[in-house]
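Read in order, the letters of the sequence shown are residues 0 to 485 in numbering that gives the first Met the number 0.
These aren't lab readings, by the way, just hints derived from the structure by calculation.
Please note: incorrect hints may appear among the correct ones.
[Said to hold, decoys possible] For lysine to any residue, the following SDA-like pairs were computed, each having C-alpha atoms within a straight-line distance of at most 20 Å:
#1 Lys-424 to Asp-437
#2 Lys-479 to Tyr-415
#3 Lys-480 to Gly-421
#4 Lys-223 to Pro-384
#5 Lys-275 to Phe-441
#6 Lys-479 to Phe-441
#7 Lys-424 to Cys-266
#8 Lys-424 to Val-451
#9 Lys-84 to Tyr-45
#10 Lys-479 to Ile-353
#11 Lys-479 to Val-436
#12 Lys-297 to Tyr-177
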Amino acid sequence: MKKLFLYLYLFIGCTYSVLAQDTIIISGESIEDAYINSVNYAPNGYAPTLISAHWTYGGYEGVGRSLIRFDLSEIPEYATVLNAKLSLYHDPTSEHIGHSNMGGDNTGIIMRIVENWSDEEVTWYTQPITTNTNWVFIPAPESEDQDYPDLSVTRLVQDMVNHPDIQLGFIIKLFDEYELYRSLVFASIDHADPDLRPTLYIEYDNRIEYDTIIHIKPGSVDGKDAYINSVYHSPDGDRHTLISSVWTYNGEEGTGRFLIDFQLSQCIPEGTEILKAELNLYHDPVSDHIGHSTLGGKNSLVINRITEPWDEHAVDWYEQPETSSDNQVMVNSSNIFDQHYLNIDITDLAQAIIDDPDQGHGILVKLVEENNLYRSVVFASSDHPDSLLWPSIDIYIGLVANANDPDEDNIDFSVYPNPNNGYFKLEQKNTDLRSPVDVLIFDESGSFVQRVIMREKILTVDLLHLPSGIYYIQIENQVKKVCVIH
0 MKKLFLYLYL FIGCTYSVLA QDTIIISGES IEDAYINSVN YAPNGYAPTL
50 ISAHWTYGGY EGVGRSLIRF DLSEIPEYAT VLNAKLSLYH DPTSEHIGHS
100 NMGGDNTGII MRIVENWSDE EVTWYTQPIT TNTNWVFIPA PESEDQDYPD
150 LSVTRLVQDM VNHPDIQLGF IIKLFDEYEL YRSLVFASID HADPDLRPTL
200 YIEYDNRIEY DTIIHIKPGS VDGKDAYINS VYHSPDGDRH TLISSVWTYN
250 GEEGTGRFLI DFQLSQCIPE GTEILKAELN LYHDPVSDHI GHSTLGGKNS
300 LVINRITEPW DEHAVDWYEQ PETSSDNQVM VNSSNIFDQH YLNIDITDLA
350 QAIIDDPDQG HGILVKLVEE NNLYRSVVFA SSDHPDSLLW PSIDIYIGLV
400 ANANDPDEDN IDFSVYPNPN NGYFKLEQKN TDLRSPVDVL IFDESGSFVQ
450 RVIMREKILT VDLLHLPSGI YYIQIENQVK KVCVIH
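Just need the whole structure built from these sequences, with the hints factored in.
Spelled out as structure tokens, the structure:
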């Protein structure tokens, strides 16, 4: 049997039934921050002020941004973040003019950082990559010395708690960095007045709502994605870049879209409850295209479910498959040209694919508005030379419910975790233990592959020697489907 996915990992968590709520305030040495500027190249991790601005510095026009990272190690992985508030305070001692809207609106934006950085080394030209998912606005201040003691960053913090490998903090910048003489000026963690230093307040509990997390990241062999363009009609399923755009191509105005199929129905049993599904798309830094662009306006995206089969080596603009707008997902416009788009919530869309595999053949990603020129998003495909940039999806699932309604005289049993990596457990759910019991295992074609004896209420089954795929477990006349993924 063909291996379904080249890069696919399984993580097993615990389910807590008791609420264990806690509150922490992160401050002081648990924070590091830095100010970066497009004119002043030197690292500036110990300045007393965090500035987001478009101003002149020594006669040169420049842009300033601030970075801040919090130590979240006290919060358990996958804990539920109930509330998170970031407190930022105006710096009255700064040499800068203060919050300023002399040149126009000075609304700010907070985005999650997804690349490592150090306050002692980061500069404008080494600043880390961000993601635009779940960003937070800083409303334009009503005065030049306004404080912001309760900026809600709950969803941003939840994303970091769910992904401890990228708990790398926030970048704070002006939402629009085009016009001069606009700024936001806050005290940093190095400010002389401790009452003005930033803090992060978090309420959380240890309740985890899922049992299994599957990370699917197919490469060039198993990946299925394609770029289609209204000017270039030939199929392009091996391209290393996926683009949604309205641009000019060889002097002709054209539109680009892309398709991805993670083939969920081949590895996740029908009827599985998807508690959460997150799509991850990574900017392609080596693309011939300009990158994410908002030159002609917003480049917001819409993601729709593909409802008919397609071939990545045959699909083109005039042969693109039908889609459904049911459960479509809207994605914010980019704010920086090289952002990744991580942890995009596509739960309902993914659930629809699993519930009806005949109408679920992946996703089509396009610009919301495909009229105005010079707007684009540019991501890496599964054919990209850098495997870290391949598109991926994280599926959070619970136990698969029994599809049968067994008679009282028959053995009812559960299979968990499901999907699994080759090891799983069978548990008799009846009150009275029946032993010994034959357990028969068949492959997807119905061929018998293995027999084991169940002598206890719980039996551990080892299928590591079998290929990845769907198998059927039969105990007496009860049958359950199990997905094995190595």
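Verify the proposed pairing of Lys-479 with Val-436, using a straight-line Cα cut of 20 Å.
holds, 16 Å
When you check the alpha-carbon spacing of Lys-275 and Phe-441, does it fall within 20 Å?
violated, 30 Å
Would you check the hint for Lys-223 and Pro-384, treating anything up to 20 Å between C-alpha atoms as holding?
holds, 15 Å
Is Lys-479 within 20 Å of Tyr-415, Cα to Cα?
Satisfied, since the Cα-Cα distance of roughly 11 Å is no more than 20 Å.
Distance restraint between Lys-480 and Gly-421, which requires alpha-carbon spacing of 20 Å or less
holds, 14 Å
Given the hint that Lys-424 pairs with Asp-437, does the C-alpha gap stay at or below 20 Å?
holds, 15 Å
Is the straight-line distance between the alpha-carbon of Lys-479 and that of Ile-353 20 Å or less?
holds, 17 Å
Does Cys-266 sit within 20 Å of Lys-424, going by the straight-line distance between their CA atoms?
Satisfied, since the Cα-Cα distance of roughly 18 Å is no more than 20 Å.
Given the proposed pairing of Lys-297 with Tyr-177, does the C-alpha separation stay at or below 20 Å?
Given pair Lys-297, Tyr-177 holds - Cα atoms ~14 Å apart, limit 20 Å.
Within 20 Å, alpha carbon to alpha carbon, are Lys-84 and Tyr-45?
violated, 24 Å
Is it true that the CA of Lys-424 sits at most 20 Å from the CA of Val-451?
Distance of about 12 Å is within 20 Å: holds.
Are the Cα atoms of Lys-479 and Phe-441 separated by 20 Å or less?
holds, 11 Å
Going through the hint list in order, the structure does not satisfy hints 5, 9.
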